[in-house]
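S.K.: Single-letter residue listing:
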Amino acid sequence: MNDPVVEIRGLAKSYRRGGQIVPVLEALDLDIGAGDFIALMGPSGSGKSTLLNIIAGIDKPDRGTLRVNGTEIVRLREAELARWRAQHIGFIFQFYNLMPVLTAAENVELPLLLTPLGRGDRRRRAELALSMVGLADRMTHYPSELSGGQQQRVAIARAIITDPTLIVADEPTGDLDRVAAGEILDLMVRLNAEAGKTIIMVTHDQRAAERARSVVHLEKGMIRTETDAP
Amino acid sequence: MLLRLVIRNALRHKLRTVLTIVGLVVAVLAFGLLGTVVDAWYAGAEGASSTRLVTRNAVSLSFPLPITYREKIRRVDGVTAVSTANWFGGVYVSERNFFPQFAVAGETYFRLYPEYVVREDDMKAFLRDRKGAIVGRKLADTYGWKVGDIVPLRGTIYAGNWTFVVRGIYDGKDRKTDTSQFFFHWEYLNERVRQLFPRRADTVGVYVVGIDDPDRAAEISRTIDEQFRNSLAETLTETEKAFQLGFVSMTEAIVVAIRIVSYLVIFIIMAVMANTMAMSSRERSAEYATLKALGFGPGRVGALVFGESLAIALIGGAIGIAATFPVAARFGKAMGSLFPVFNVSEGTVLLQAACAVTVGVVAAIAPAIRAARVGIAEGLRAVG
Ligand SMILES: Nc1ncnc2c1ncn2[C@@H]1O[C@H](COP(=O)(O)OP(=O)(O)O)[C@@H](O)[C@H]1O
Ligand SMILES: [Mg+2]
Chain A
1 MNDPVVEIRG LAKSYRRGGQ IVPVLEALDL DIGAGDFIAL MGPSGSGKST LLNIIAGIDK
61 PDRGTLRVNG TEIVRLREAE LARWRAQHIG FIFQFYNLMP VLTAAENVEL PLLLTPLGRG
121 DRRRRAELAL SMVGLADRMT HYPSELSGGQ QQRVAIARAI ITDPTLIVAD EPTGDLDRVA
181 AGEILDLMVR LNAEAGKTII MVTHDQRAAE RARSVVHLEK GMIRTETDAP
Chain B
1 MLLRLVIRNA LRHKLRTVLT IVGLVVAVLA FGLLGTVVDA WYAGAEGASS TRLVTRNAVS
61 LSFPLPITYR EKIRRVDGVT AVSTANWFGG VYVSERNFFP QFAVAGETYF RLYPEYVVRE
121 DDMKAFLRDR KGAIVGRKLA DTYGWKVGDI VPLRGTIYAG NWTFVVRGIY DGKDRKTDTS
181 QFFFHWEYLN ERVRQLFPRR ADTVGVYVVG IDDPDRAAEI SRTIDEQFRN SLAETLTETE
241 KAFQLGFVSM TEAIVVAIRI VSYLVIFIIM AVMANTMAMS SRERSAEYAT LKALGFGPGR
301 VGALVFGESL AIALIGGAIG IAATFPVAAR FGKAMGSLFP VFNVSEGTVL LQAACAVTVG
361 VVAAIAPAIR AARVGIAEGL RAVG
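For the record, the sequence lines run as chains A and B. All residue numbers for the first sequence refer to the numbering used here, where the first residue is 1 and numbers rise by one. All residue numbers for the second sequence refer to the numbering used here, where the first residue is 1 and numbers rise by one.
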């Protein structure tokens, strides 16, 4: 394995539900190498999203260490963490999470507002990213004017525009039909193979998992198996 | 671009936003009108000059003073001029047409009131005609009077039918000047009173006293009143402003009530607006969570809510302020001479603007904090 981009040791997380403590992740270890494309699988409620959120720095573990690209992110304060996310993480969500009042190009441009880039540069980059996902002709469309697959492609353009270290995708094809899902997966494979992006994708779709380089199975808060995708 | 996000978010629920703006417009407008009513109430006192005193009967305004006091008052040190005014209280055609009418000492009165601007020729014509009258511009406009027109008044205090000839129309020196009054010669009044009610002849309602130094107003007033101590008609002299406020203070309670109502209106719209913002921000938890995931800090997310609220408040406030002027103009006209001076003051506009901004800010506080603090993982989960 390459030097790991993500290094997880003894990670534990539990939720409190009505006075009861429900353990979700227990003493979890995991390494993810640079340039990897991991499918994180497991039954519903097994803690896939929780793990992904912790890796992406939008949730906190109870215990354990977590290094991403050499940064011990559990220690960061909220503002630092926000800055770190803006730089290092690209998000892809199941329901795309685009701003409905912004056009495709504006949605893609959004993360660049947190960079020192000027207006013209931001616009150019957003157009480039949209072209890369095959939506050059949909720049001024609003999300409601796009299909699910197109919206997800806008979201992917938004995820890659800051050139992040790591792309996290939580069920990116979960809301799409088979054809659209196939297109999205093609795109992610290309991002990994051609642009060398490290990707962690949560999915419970076997077909989606097959497109990844390796599969991690999560069950009862532990990594059960780590297999290379066939 | 964040600004674009703010504006478009504000316009997202068109009906909701429009209703909120309409509410704001009405509230700001009502606030402005009520403020203007209060201003109008005090306008008489506002327009009062600090170089004029008013001497009246110490018992009450409804008791007259003998005309013979004029010379004595004029001789008091510091007094530059003395004029007189009698409240006439006549009816023009119908009781509904109320406006103040005064019988005045023509030559001196207008010299003491330089804010009533009359053309020189008209003034000469007025002084030549014992039945002549000088009327305010607003009054002339209301009844379509022109110079030379004959105006009949039915006397109430001074019974009988009286006719006057408009000899001049006075304009106000500034917007504060009351131009809804009707002036005619005291000599004409007195002539007829002498025939009809001899016992009431040779009396005046009040003396208007010009002084050279406003700082000596209290001292001069005292001196005047001392002249007539222990006489049949003792006097009470005060500054014109104090005299005018004397009318107003009777109704101070109403003014306070109006002020309370106007702030209540603002408070209510604030609650309505806060509710609107809370609804919007609750619906957008997932969006705010997404923005935070992308790296936007709590401050920026909160600012989006503040911006939206302020945008709505400013639009509503601006329309409300703009609407105040025409509405106040019509309102002032409808009120006729109840409020001779009915102008929207700069202070009122500033207060309206301050209220709109306050509404926008206060309404956004809770929703903005909520949006800024939204837990990212929880907020995102709300979608799926
Ligand atoms: N905020 C929360 N409060 C309480 N329980 C939670 C919360 N978030 C997740 N859980 C629980 O943690 C477990 C794992 O959730 P999640 O990571 O979303 O699973 P997955 O994505 O694998 O379906 C589930 O049982 C879920 O109900
Ligand atoms: Mg999940």
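If you're looking for bench data, these hints aren't it; they were derived computationally from the structure. Be aware that one or more of the hints could be misleading.
What the hints assert, rightly or not - Partial chain B-side listing against chain A, Cβ under 7 Å, derived:
1. VAL6
2. ALA201
3. THR203
4. THR290
5. ALA293
6. LEU294
7. GLY297
8. ARG373
Claimed, not checked - To list a few chain B residues with every Cβ distance to chain A over 10 Å, as calculated:
9. ARG8
10. LEU19
11. ARG128
12. ALA218
13. ILE268
Unchecked claim - Some, not all, of what chain B presents toward chain A, calculated at C-beta under 7 Å:
14. ASN9
15. GLY155
16. ILE376
17. ALA377
Treat the numbers as computed from the prediction; the structure is a model and nothing was measured. All residues carry an ideal CB built from backbone N, CA and C; glycine is no exception.
S.K.: Each of the hints needs a verdict: does it hold here or not?
M.R.: To see whether the hints hold, each was checked on the structure:
The closest approach between the C-beta of VAL6 of chain B and any C-beta of chain A is roughly 10 Å, which is over the 7 Å cut-off, so the hint fails. For ALA201 of chain B, the shortest C-beta to C-beta distance to chain A is roughly 81 Å, which exceeds 7 Å, and the interface hint is violated. With a least beta-carbon distance of about 76 Å to chain A, the hint placing THR203 of chain B at the interface is violated under the 7 Å criterion. The interface hint given for THR290 of chain B is met, as the beta carbon of that residue sits about 4 Å from the closest beta carbon of chain A, less than 7 Å.
Here the hint on ALA293 of chain B is kept, as its CB sits about 5 Å from the closest CB of chain A, short of 7 Å. Hint on LEU294 of chain B holds. Least Cβ distance to chain A is approximately 5 Å, under the 7 Å limit. Proximity of GLY297 of chain B to chain A holds as hinted, the smallest CB-CB distance being about 5 Å (cut-off 7 Å). Of the supplied interface hints, the one on ARG373 of chain B is violated, with its beta-carbon coming no nearer than about 10 Å to a beta-carbon of chain A, more than 7 Å.
At roughly 4 Å from the closest C-beta of chain A, the C-beta of ARG8 of chain B falls inside 10 Å, breaking its exclusion from the interface. Distance to chain A confirms LEU19 of chain B as a non-interface residue, since its nearest Cβ pair spans about 19 Å, more than 10 Å. Residue placement check: ARG128 of chain B keeps its beta carbon more than 10 Å from all beta carbons of chain A (closest about 75 Å). Distance check on ALA218 of chain B: its Cβ is at least 65 Å (rounded) from any Cβ of chain A, clearing the 10 Å threshold; non-interface status holds.
Every beta carbon of chain A lies more than 10 Å from that of ILE268 of chain B, the smallest distance being close to 29 Å; the non-interface claim holds. The interface hint given for ASN9 of chain B is met, as the beta carbon of that residue sits about 6 Å from the closest beta carbon of chain A, less than 7 Å. Below 7 Å, beta-carbon pairs count as interface contacts, and GLY155 of chain B has none with chain A, the closest being about 71 Å; its hint is therefore violated. Using the Cβ-Cβ criterion of 7 Å, the hint placing ILE376 of chain B at the interface with chain A is satisfied: the shortest such distance is roughly 4 Å.
Taking 7 Å as the C-beta contact cut-off toward chain A, the hint placing ALA377 of chain B at the interface holds, the least distance being around 4 Å.
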